[in-house]
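Line order of the protein sequences matches chains A, B and C.
Under the numbering used here, the first residue of the first sequence carries the number 1, and numbering increases by one thereafter.
Under the numbering used here, the first residue of the second sequence carries the number 1001, and numbering increases by one thereafter.
Under the numbering used here, the first residue of the third sequence carries the number 2001, and numbering increases by one thereafter.
I should point out that these hints are in silico values taken from the structure, not numbers from a laboratory.
Errors might be hidden in some of the hints.
To be verified - Here are a few chain A residues that sit away from chain B, every Cβ distance over 10 Å (derived from the structure): (1) W58; (2) E86; (3) V430; (4) F451; (5) A488; (6) L515; (7) R617.
Said to hold, decoys possible - Listed next, the in silico DMTMM-like pairs over lysine to aspartate or glutamate satisfying Cα-Cα at most 25 Å (straight line): (8) K177/A - D2441/C; (9) K177/A - E2367/C; (10) K558/A - E379/A; (11) K177/A - E2107/C; (12) K177/A - D2436/C; (13) K2032/C - E2107/C; (14) K493/A - E2193/C; (15) K558/A - D178/A; (16) K177/A - D457/A; (17) K390/A - E379/A; (18) K177/A - D129/A; (19) K390/A - E465/A; (20) K177/A - E83/A; (21) K390/A - E297/A; (22) K558/A - D381/A.
Note that CB positions come from ideal geometry on N, CA and C, so glycine has one too.
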Amino acid sequence: MLDDPLLKILPFAILLLPLGGFVVLALFGDWIKRDKEETGAAWLACATVIISFGLAAWTTVRLYGLVAGEGGLRFFQPYLGYEWMEAGGFSVPYSLLVDPLSCVMMLVVTGVGSLIHVYSVGYMAHDEDRVPYFSYLNLFTFFMLLLVLGGNLPLMFVGWEGVGLCSYLLIGFWYRKDSAAAAGLKAFIVNRIGDAGLILGMIFVFHAFGSLDLVDIADNAGSLAPEGLWEFGPATIAALLLFVGATGKSAQIPLHVWLPDAMEGPTPVSALIHAATMVTAGVYMVARLGPLYHVSETAMMTVAVVGAVTALMAATIALVQTDIKRVLAYSTVSQLGYMFLACGVGAFGVGIFHLYTHAFFKALLFLGSGSVIHAMSGEQDMQRMGGLRKRIPWTFWTFLAGTLAIAGIPFFAGFFSKDEILAAALGHPVLLGIGLFTALLTAFYMARLLFLTFFGDFRGGEEAEHHLHESPWVMLVPLILLAIGSAAGGFVKIPEIVQPVFRLGHGHIPHVAWLPVAATLSAIAGILGAYYLYLAMPELRAGLASTFRPALRVFAAKYYWDDVYNGFVRRVVVRGSDLVLWQGVDNRVVDGAVNRTATITGALAEMLRPLQTGFVRQYALLILAGAVALLGYLLWP
Amino acid sequence: MTAADYVFWVFATATVVSGAVVVFARSLIYSAFALLFTFFGVAGLYVLLGADFLAATQLLIYVGGILVLLLFGVMLTHRIYDLKLRTEKTQLGPGLIVAAGIFIIFANAALITEWPTVGREPAPTTKEIGRLFLGEYLLAFEAASVLLLVALIGAAMIVRRKKDA
Amino acid sequence: MSGELDLRPLVPAIIVGVTGLVVLLAQAFTPKDRRAPSAPLSLTGLLAALAAVWLLASGGGRGAVLANAVSADAYSLFFQALLLGIAAVAVLLSPSYLRANGLDRGEYYALLLFSVVGMLGLVSSLELVSMFVALEIMSIALYGMAGLYRSRMESQEAALKYFVTGAFSSAFFLYGVALLYGVSGSTSLDRLEWAVSTLTTDSAALALLGAGMLLVGFGFKIASVPFHMWAPDVYEGAPTPATALMSAGVKAAAFGALLRVFGSALHALAGEWQPLVASLAVITMVVGNLAALAQGNLKRMLAFSSVAHAGYVLTALVASPGQAGEAVLFYLVVYGAVNLGAFGTIAALSREGREPLSLGDVAGMAERRPALAAALAVFLVSLTGIPVTAGFVGKFYLFNAAVTAGWVGLALVGVLMSVVSAYYYLRVVVAMYMRDPLGEDTWARVSPSATVALALSAVITLVLGIYPAPVLTLARIAARSLL
């Protein structure tokens, strides 16, 4: 670590620019809105993120000017000069961490973030609440950058909670729609469960390492004794608890239920938060703490299995969705599962690689779907689309690039990262099988989406057909840039760049020649399957549907997760507390007492009445009973 | 059993029985009169413990002052006098259980504790109490005056007529 | 018996008490058609007392005086400063509320000041009888304040319930004092500490019984389950600024005394009472949060939330006194600011006997009163314990203390219950930000003094969330003086 004055300042500037944008918009938003030039707020928000991106690129270049330290790692820890929390032997400074991993994340966040900000200028042009929208978007970017740049777990957690808050605000952005407000609340509640795990995990990490600094943790994790399968030492407990947090944020089983509902938010939000950046925070955290996870076989196995199962389950659900955004949402859940699978088999760099390629193609697909929805005047049901290829050609061609990338067609970005994941899973035949099969399903449902939307005849009626229009350039340029990224992004060797961060040696993954071939074949099989079922011979569909009816019913019901949770919440939590606390104690006591006292007026005699109602006696009896229990315990021999 | 023991049992029984009457009597006036015996009983117990000053104060203040005030209050307020109190035994079961629990705990504690016996002749405690009030417990003694003031203000405010509020 | 009388540790309490008398006199001598300057007088007195605390602290504090009954050690001074600050904010909230609801009487301020005298005494007493008298001064003043709202039956009922159950719990406290006197032959905490550390098995039962009785008494004041039943009724019925003072001040003062008695004097018995405190913490957190979940009334919800928070604070008591002290002291500061803010927001909008109490009442508040909605959102988010607000830092320290002491399960319950709490706190935020307003905005305009109070609470909540180091350092120094 060399002394580079610029590197001490740049990361803070990157962070604070979007925050500044938020503050300006929050304080002067009304004033900007009153101004006739109504896109001022939008462009201000874009500018902060684009400049941040420029600075992030500059930072990355400066970082690579540094001499690599032990293990080939270049890193830098800018420090603001203040402590956040401090207590005997425990300190949380305001410090950041700039290393290859945070550089990759920072570039993804600001890069994709810039494009989505620009896209939003067009997409939200007619929404009257644009100023709050862009201020939330800026605030989100700030918290996301804090999450990936934070030098210790608590700071990372601030970012983690902050992005959750913004996500909640943006999902519920169209709150006059009840479903949107409900989805926002659901996202927040589910994430709180994950966050509970994260806080506890943090406490355990502190007691295992005596520090919450990310560099300290990575450096010292190697000295912990390895913990085998079903061995619950400190590292395993900490890692598993932190993983609970990751499942919440990154929508993995069992906390994945919020993400599909989150599609109620504006589409650029889905692209930025629920595809490219925030939902990948869990993957980032697991990779960032890779050395810790590596100590525990149980934790690694859990991560891999949860990832693989989620990937498969979400892919099957995506097969039967008809809402274009929901297909993409389940696809995101599935791809995140892939990333965890990679981390779980020890290939953290590959997980990050897939995160990076996924950011391109999934953002592209979401923005493309936004463009489709824009063209369809808000319609999201694919059964009412069709034949859009001719009407919105730019959208179609860029969307095609994204589809090929996610399907894993050779030389598109997704091909490389998916191939690396499968190669890393070579030692685990079951996981590998799930991975390959999921790849086939992915190709199938994406091709289905493409065929239903862009091919065939238009099914939306004349009125809608009349309104079809290509999106403005401000929306198309980000699509084109992302399409280029989706096509060529795979050639950047991310795993090699970030590998030193994990302190696990060179991490080369042995490749076998048949694997890319098998992956490509399964992708092609998926696409061909969709081609026959949805374009060439749609009459086959009915027969297949009846054959697989029980399975399809499960897919359509999303494996009943929501029903089980709703049932649990309604039956146990709400009714339980209703029964015991509201009606049993509260309602009866309060209403009873109030009603009775309400009929009484003045004078000492009547003032004694509340005593006679028995409620005060109940209180006293409870105090006495509590005292008996308490004293009884103390004196128990 | 010595004579002192007999006296103790007499006073203790009087205290407990009259206490029960206070709680269970259907008329406030009975309760108030029963309270008289409770106070007497307690004063007697104080005497047995050699707390002469406390016993005298108990009689002077509680019996001579508070109780008389209470009786006047009850008698002069005809509506209270007529009021039939609902001393329903709604929570008798749980109440008994809890009371039994308290009794067992205290009896148990009293039995297993080895009580130190002070071999001291009964002596007037007045001087000692005075010394403590102006010495070791000066703060508590003085602060009690604030307590009384606060109680006065609070009481005055609560019984103030509504239109002033 | 000789020796000079050193009253310096009592100066803050004396200033506040004298101010109380001045307020009463001012009320009596103000002509009927004029308004007595009760609030400015009270505020001046509280600030003067705060200055006295500052002078005492910069003079290095004072040892025990008056036959070891009271001291101005760092611990007392920390709490005194906190309590005076809480009271000052409560006074700022009061005038507009009282005027808007036709309750403007000097006695209110006098009682408020006297209750503060009690709180100040409670946290600085080193001797159980003084502590008890202080506890009663505080409580009796609060009983009066709870019943101030003559025209509302809830208020009358609250005062009476609070009084009866409070007297009941005081009896426990006093019995505990008597039993501990039986153990140590003294009511001084020093002597008690010594006596407890040299206990024989014969006298242990007595000491434990005494400790348990004290715990019941304190448990009532901090509103820990199962001694909490009064809290929702009283918080709902009392005038809202008084509720703010009760929830922030009483809890702080009672925890201050509780920690002093149990963390230092009775620490030799920690092995016995810690499991008990842990179970109290668990049931308090669980019952408080679940009950809050079921509340439709904002004040009752906050009351149960205050019960739940007593549980969170109790979790830290299982740690070593130093660590517990630091966590608890810091949390009480946070909790004071946040609760003053939350109840203060309700009080600031109150008019003619009406308060915004339902979700419908606050719906769309972000549109009509953006600043007020933002402030209330900050308070609720802080109560939930989300970072960048002080609540997160505070809870982190509490649970960290429990885990360090090996009580992982306890911290787990705390964290899980915080998750549950998100639901009922954020329901209010959702209503404010994501619902359209119902009906006309007929709430009071927020007065300048209430604005100052709320802004102060919000700023403290945020600053302590971002830069808590100075207060944490003070809390650590204060907690250390307990050892």
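No chain B beta carbon within 10 Å of W58/A's: 68 Å, holds
Please work out if K177/A and D129/A have their alpha carbons no farther apart than 25 Å. 14 Å, holds
With a cut-off of 25 Å on the C-alpha distance, tell me whether K177/A and E2107/C pass. Given that 25 Å is the threshold and the Cα spacing comes to 50 Å, the pair is violated.
Pair hint outcome, K177/A versus D2441/C [Cα-Cα no greater than 25 Å]: 23 Å, holds
Are the Cα atoms of K177/A and E83/A separated by 25 Å or less? 43 Å, violated
Taking only the CA atoms, is the gap from K390/A to E465/A under or equal to 25 Å? 12 Å, holds
Does F451/A really sit off the interface, with its C-beta more than 10 Å from all C-beta atoms of chain B? Fine: 71 Å to the nearest Cβ keeps F451/A off the interface.
Is it true that the CA of K177/A sits at most 25 Å from the CA of D457/A? Cα-Cα ~31 Å, so violated.
Hint check: K390/A vs E379/A, CA-CA at most 25 Å. Holds or violated? 18 Å, holds
Proposed proximity, D178/A with K558/A (alpha carbon, max 25 Å): Roughly 22 Å between the alpha carbons, so the hint for K558/A and D178/A holds.
Least C-beta distance from E86/A to chain B larger than 10 Å: 37 Å, holds
Reported absence of L515/A from the contact zone with chain B (all CB gaps over 10 Å): Its Cβ never comes within 10 Å of chain B, the nearest being 72 Å, so this holds.
The earlier numbered hints that this structure contradicts are 7, 11, 14, 16, 20, 21.
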